[in-house]
Amino acid sequence: MELFADYTLRMVALGSATLGLVSGALGSFAVLRGQSLLGDAISHAALPGIALAFLLTGSKVPLVLMLGAALAGWLATLAVMGVTQATRVPYDSALGIALSVFFGVGLVLLTFIQKQPNANQAGLETFLFGQAAALVHQDVLTMAGLGALALLGLAVAWKEFKLLAFDAAFGASLGLPMRRLDVLLTSLLVLAIVIGLQTVGVVLMSAMLVAPAAAARQWTDRLGRMVLLAMFFGATAGMSGAFLSSRVERLPTGPTIVLCVSAIVLVSLLLAPNRGLLWRGVRAWRNGRRLRGEAVLLNLYALAVHHDRRDHPHERGVLDAMSPEGPTGPALRKLAARGLVRQVDATRWALTPQGWHRAAQLARERSIAAGPATDGEAAP
Amino acid sequence: MTPVQLEIQLVAVLVAVACALPGTFLVLRRMAMLSDAISHAILPGIVVGFFLTHDLGSPLLIALAALTGVLTVSLVELLHRTRLVREDAAIGLVFPMLFSLGVILIARYAGDVHLDTDAVLLGELAFVPFDRLLAGGLDLGPRAAWVMGGIVLLNTLFITVFYKELKLAAFDAGLAAALGFAPAVLHYALMGLVSVTAVAAFDAVGSILVVALMIGPPATARLLTDRLPWMIGGGVVLGAMSAVGGYGLAHLLDASIAGSMATMVGVLFGLAVLFAPGRGVVAAARRRAAQRWTFAQQMLAVHLLHHEGTPEEADESAVDHLHAHLRWPPGFARQVVHRAEQQGLVIRLGDRLRLTEAGRALARHSVRA
Amino acid sequence: MAIVGPNGAGKTTFIKALLDLVPRAAGQVRIFGAPYAERRHLVAYVPQRGSVDWDFPTNVLDVVMMGLYGRLGWFRRPGRAERAQAMQALDQVGMTAFATRQISQLSGGQQQRVFLARALVQDAQIYLMDEPFQGVDATTERAIIELLRTLRAQGKTVLVVHHDLQTVPEYFDQVMLLNVYKIASGPVENVFTEDNLRLTYGGRVGFLRTRPKVEG
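Protein chains in written order, with numbering that gives the first Met the number 0: chain A, 0 to 379; chain B, 0 to 368; chain C, 0 to 215.
Calculated from the structure, these hints are not laboratory results.
For each residue, glycine too, the CB sits at the ideal point set by N, CA and C.
One thing to keep in mind: the hints can contain errors.
One-sided and incomplete, this derived list gives chain A residues near chain C with beta-carbon spacing under 8 Å [said to hold, decoys possible]: (1) 158; (2) 166; (3) 169; (4) 172; (5) 174; (6) 175; (7) 222.
Turn these sequences into a full structure, and let the hints steer you where they fit.
Listed below in structure tokens is the structure:
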């Protein structure tokens, strides 16, 4: 019994990891190309393909069902591309229609199959939500084979795909066959989706494309690293989801994997260096503090200039009134600690000689910055 | 047709109408995929509501689930506002997470409640007539009909009252804000409406068909008309047609009603894409072909005008040399000349062409315009 | 040569049609007597800055090297030689200091100069530039003009979609006026007349009367 459980866990973990690797890589391109929801449409659209493949062949061999799914998903993508190019139906509407109509056709076929007297159809519904626990050796092998194919395709035309994602029109002007590359990359995306259907199901598959990529994007500014990181995140989420659901009773694998990957996204959004919200907050706070200090220093400087005396002491009340951010006490104390100002008596403050120099320097910088724009410095 | 069949179709039509109304504005504002997100993400709201009320039709459950829908939209917006992810990615992140939460809740407590994820996703219209609204022992018909009727009324009321605000917001959100129409409030009101409609409808048709009915008929209507009132009306009628036609199809194939309705939505949309007057694929192809001829005739006229009265006129206006001068394939050149003759733009003098007054006017106009 | 015309006149579409990026209703593009498809490598394209996602995870050097992808061929990755070429192009637009900068951290003018460098590495004979002066700072504008002059001195042809009428006589030798149809084209001094401009823009060229001739 123990051995059997281990075998199941091994299969589920391997399958989920494969799925995570492949969907992380292809998902990165989908997210960067603004096709985050295309994955959702493709995975829903795969349903009629699965049903039809079964209906035509009567086989439940994973490769057959996956090929059917891929064909249907691919057809849906072509339909979306065709409709948006030929008519003025917006992209999002075309996606929504393809998603729901293909799914509807799939439902019709599924119920049709169920009514067949001799059909051994049990298991087809698992494609809705996936059933990772039912993964067997053959499934995992098929997934790994197709996954390797998808990753190989990505590696072979790596720089062309990068150009396609960044600036397709320029690529076309170089003479690269951008339309064919587009179809090829989309086909690889379909492949990645098909691999995941058995594990996480059509409804949740899109999360496996979007989430690892969105998380990875926060940590790096290079495409290559982003793709590798997304693969790592995808695989981690897949394995930890599989592990969790095997340890906790009545915890379905697909949704658990999705929650794991969502957690990775959340952490990345908050903590990733540079882009992360936490860092951004800290930076904004530091900036604000620095600017407040500088403002107080400049106010003191303006007053000193006005009174023609560098160390003329001023009431704090006056400084408070000049500062739109309210009380200047904390800022003054910080400046005092840096030796830029000194407290003359209970209520009055004055610039030190260093403070005078720093303030004069700041005033010069500000007047240059406010003058006619010279070279555009880095945008914020 | 039996009363049961009539009742199913009545509910189906009501669902279609209820969905088409807010769906029109989703399509116009390019937020179609939000319907997909909302209809999935309300699942945890439904589950929690069901734990509390043990009744899928309870107003509390509908309110809770609708709130989840609005929460989904706010989360998407919050994520998008950080500028760390794009809007489509934000949608793709939020709704699977909430849906997963719902599925896990159901799985964990499935023993205690009769709530099935398949049912949420797929719905089952065939069961609708069995849940009846009884008042003092009197059978008032299927309860879903009353619920959906109420939603239709609510949606109609909302769109009637806020018609010009919705129209403006769909056309130009910036202007709407400048005029003090609070587009954010309106936006969330619309999203609330979408959520309420999705919750009320999922029980009957499932969340995927909600997407089909919200997007499909309005997008189809959009292909057929340019006027907003017609688009709303068209969406409603096309939705109802999909409902009835879908029911017929389901009956014929003995298959899922919801699936058949979605299929009908797709069929109607496909027909519109191909044959819509003016902007269908066929009309566009025809227009392009016509344009090609018009353009070629203009070119011919300009060419002839350009060389009129010049020494090389004889050579340049020779029918057999046109293809060389204009770089047209000979067959194409012959056809252009033939059409230009028919329309009285040129006349043939021996093997040479001369512009008529009309042809000269066209040439001048082409150069100028 | 400047391509000038009001909004919606089809300037961008004209460039894209030249490049086979949009289908042409009629006509064909010939470059030095041969069809465009055979002479594609002689043409470099600088798209509008707004046409790409500047939050794309890549850096300046990488974008410039994209200009070499066509010549590199399939399967080959850019190597040391390509990096050197890209650095040289960056030097020409004064952007070497930014080579490893993430592209989202560039100002509008810097982005434009990156695009120009990407076209420069192609070492083409004909340059098609779509609104390179749109929303750039003074430094970039000077850099672009400098570049245009260099290219002209090397005997290359540069087609620029332009929208600032006042600078046309100063920056360009030839001009093409476009408003759906070609209104006129030729040397600036012959073509850039008030009559032709009125034909192109309707009545909206009042400022030319107040500033009849820009020096140059």
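For each hint, the structure was consulted:
A least Cβ separation of about 6 Å between residue 158 (chain A) and chain C falls short of the 8 Å threshold, and the interface hint therefore holds. Taking 8 Å as the C-beta contact cut-off toward chain C, the hint placing residue 166 (chain A) at the interface holds, the least distance being around 5 Å. With its C-beta approaching chain C no nearer than about 6 Å, residue 169 (chain A) sits inside the 8 Å limit, and its interface hint holds. Given the 8 Å rule on beta carbons, the hint for residue 172 (chain A) holds: about 4 Å separates it from the nearest Cβ of chain C.
The criterion of a C-beta within 8 Å of any C-beta in chain C is met by residue 174 (chain A), whose closest approach is roughly 4 Å, and the hint holds. For residue 175 (chain A), the suggested interface contact is upheld, since its CB lies about 6 Å from the closest CB of chain C, less than 8 Å. Checking residue 222 (chain A) against chain C by beta carbon gives a least distance of about 5 Å; that is within 8 Å, so the hint holds.
Checked against the numbered hints given earlier, the structure satisfies every one of them.
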